[in-house]
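Novice: Each chain, letter by letter, is given below.
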Amino acid sequence: MTTQTNHHPSQDLLKTFSEGQLSTGMSIAISAHLDYCSSCRQSVEVYESELASEWVATDPGADGPQLSESNILMDRITSQPQVVPITQATRPRRPVELHMHERSVRLPGVLSRVAEKGVVWKKLAGGINTAKLTLDRDAQCDFMYMKPGSQAPRHTHRGLEVTLVLDGTFEDELGEYRPGDFVLRESTQVHTPRSDEGCLCYSVLDSPLLFTSGWSRLLNPFQRLLFNRQLRHSH
Amino acid sequence: MQAAWITDFFADRVIHLDETAVVKDMHQLSASYDRFRMSAKDLAHGGDRVQERQTRATVVKQVAMERDDESLLIAVGNSQDREAFNVLFHRFGSKIFALGMKITRNEQLANDLVQEAMLIIWQKAPLYDLDKGSAQTWIFTLVRNRCFDILRKLKRQPDGISADDIYAETELELSVDPEQQQAAEIQLEQIQQYFGQLPAPQQQVIEYVFMRDLTHQEAAQQLNIPLGTLKSRLRLALSKLRDFIGVEQ
Ligand SMILES: [Zn+2]
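Residue numbers (our numbering), protein chains in the order written: chain A, 1 to 235; chain B, 236 to 484.
Simulated from the structure, these hints should not be mistaken for laboratory data.
Each hint can be trusted.
Below are the DMTMM-like pairs computed for lysine to aspartate or glutamate, each with C-alpha atoms no more than 20 Å apart in a straight line:
1. B:Lys466 with A:Glu176
2. B:Lys367 with A:Glu50
3. B:Lys466 with A:Glu171
4. A:Lys15 with B:Glu404
5. A:Lys117 with B:Asp394
6. B:Lys466 with A:Glu173
7. A:Lys132 with B:Asp394
8. B:Lys367 with A:Glu45
9. A:Lys15 with B:Asp400
10. A:Lys147 with A:Glu173
11. A:Lys15 with B:Asp384
12. B:Lys337 with A:Glu54
13. A:Lys117 with B:Asp400
14. B:Lys337 with A:Glu19
15. B:Lys337 with A:Glu50
16. A:Lys123 with A:Glu102
17. B:Lys475 with A:Glu197
18. B:Lys390 with A:Asp138
19. B:Lys466 with A:Asp172
20. B:Lys388 with A:Glu19
21. A:Lys117 with B:Asp399
Incomplete in silico selection of chain A near chain B, CB under 7 Å:
22. Gly20
23. Ser31
24. Glu48
25. Trp55
26. Thr78
27. Gln82
28. Val83
29. Val110
30. Arg113
31. Arg137
To give a feel for the contact side, a few chain A residues facing chain B, derived at Cβ under 8 Å:
32. Ile28
33. Ala52
34. Thr58
35. Met74
36. Ile77
37. Gln80
38. Val84
39. Leu135
40. Glu176
Quick caveat: nothing in here was measured; it's all calculated off a predicted structure.
Think of the CB as a built atom: it goes at the ideal place given N, C-alpha and C, for glycine as much as any other residue.
Based on the provided sequences and hints, a complete structural model is requested.
Specialist: The structure is reproduced here in structure tokens:
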């Protein structure tokens with residue numbers, strides 16, 4: 001499935017991803033986007049080779065490693081068996097499917113890994129279900145499933161929110177999003193996502209949602225409590 | 236202290252070689268030793284034994300030093316070429332260390348990184364080929380992945396995901412399986428058949444959104460109709476198509 005995606009990570013994000021400097025949650029969102037998007041894959045390849053050249057061209061200076069141990073080290077390393085290419089190629093890479101009420105969705109590579117051991121869905125208000133993923137202590141990562149006709153409360157966040165569409169579509173004040181789309185919202189952008197046909201997403205949030213309207217504002221302290229508790233558990 | 240630590244490092248990485256692998260290794264070793272002697276003989280033309288040995292070693296080293304990263308890495312992968320590996324270590328070791336220092340700001344961790352990375356280069360060298368781009372990029376991504384994992388460990392992040400999962404090569408795993416594809420093609424044929432029976436404005440909307448792959452907004456702009464009109468036409472067209480197919484089945 002070569003999906004035409006319209007919403008991509010910025011070049012800055014792709015470069016930082018190539019450096020290995022993004023959080024795990026964010027890196028996973030970008031990795032999953034790359035499964036849909038050949039142009040971002042190309043960008044990452046270019047960044048990787050640029051970064052590699054820069055790295056090799058830099059003079060490490062005086063504080064290199066002590067190579068005195070290198071003979072012992074070499075012997076130890078070269079006495080280890082090497083990987084047999086065939087075992088890698090034939091390693092089964094079954095994509096994992098996620099089952100919601102009326103649909104099953106085949107997940108991109110990295111998310112297959114994430115969901116391999118199963119996920120636990122939890123109902124929220126407004127026809128929205130989430131499955132929390134323990135991947136990253138610095139960011140909240142979930143699968144989010146919006147039932148057909150559902151709408152999230154109008155909200156904003158303290159940090160960045162990234163939503164990667166996996167199946168179906170959703171829309172908000174700024175556009176409509178399809179599978180593979182990488183949607184980034186900054187803390188200043190208030191938005192109300194909704195979905196007519198239903199939508200499965202992977203979402204990353206580096207701080208709890210701050211709801212800005214109506215009764216849902218009451219949810220805030222509660223949400224924050226849950227999030228903090230989750231943080232403490234993972235310590 | 237350091238030596239003990241190295242022993243620890245390898246203790247949990249010892250993999251028992253089976254006999255055939257050892258025999259194969261021995262063959263490889265004696266073959267490369269023969270090559271070593273031959274080239275030394277050709278180039279050294281006698282002399283006393285000590286001098287000959289020195290010349291020999293220098294020649295082998297120089298030959299290896301002049302090879303590019305790619306051919307060294309391929310030699311390591313294809314024939315467990317230790318001399319080639321040694322040259323790679325000398326080219327990249329200090330650079331890996333510098334990168335480790337930059338990322339972790341910790342000498343011990345940077346040292347770990349060098350050893351881990353070199354071990355992985357050795358182990359994975361058989362997977363490298365020129366299609367994967369330059370050797371330095373291949374080594375860079377490998378080192379980057381180890382850095383990522385080291386940082387995760389440092390921050391005590393939950394297990395279960397590693398850099399190799401995140402930076403895995405995409406094999407277009409989202410491709411549709413053949414059975415599904417076939418079913419989709421049959422359905423597509425049916426849809427095309429009924430598509431002609433839709434009123435022209437509805438056909439147009441379907442064409443812009445599905446065949447030209449435009450967003451609703453873009454399609455509405457290009458067709459010069461309000462977004463609401465486009466959406467209602469689309470909804471109507473889709474429900475008609477669904478009805479057609481439903482009747483057929
Ligand atoms: Zn993209």
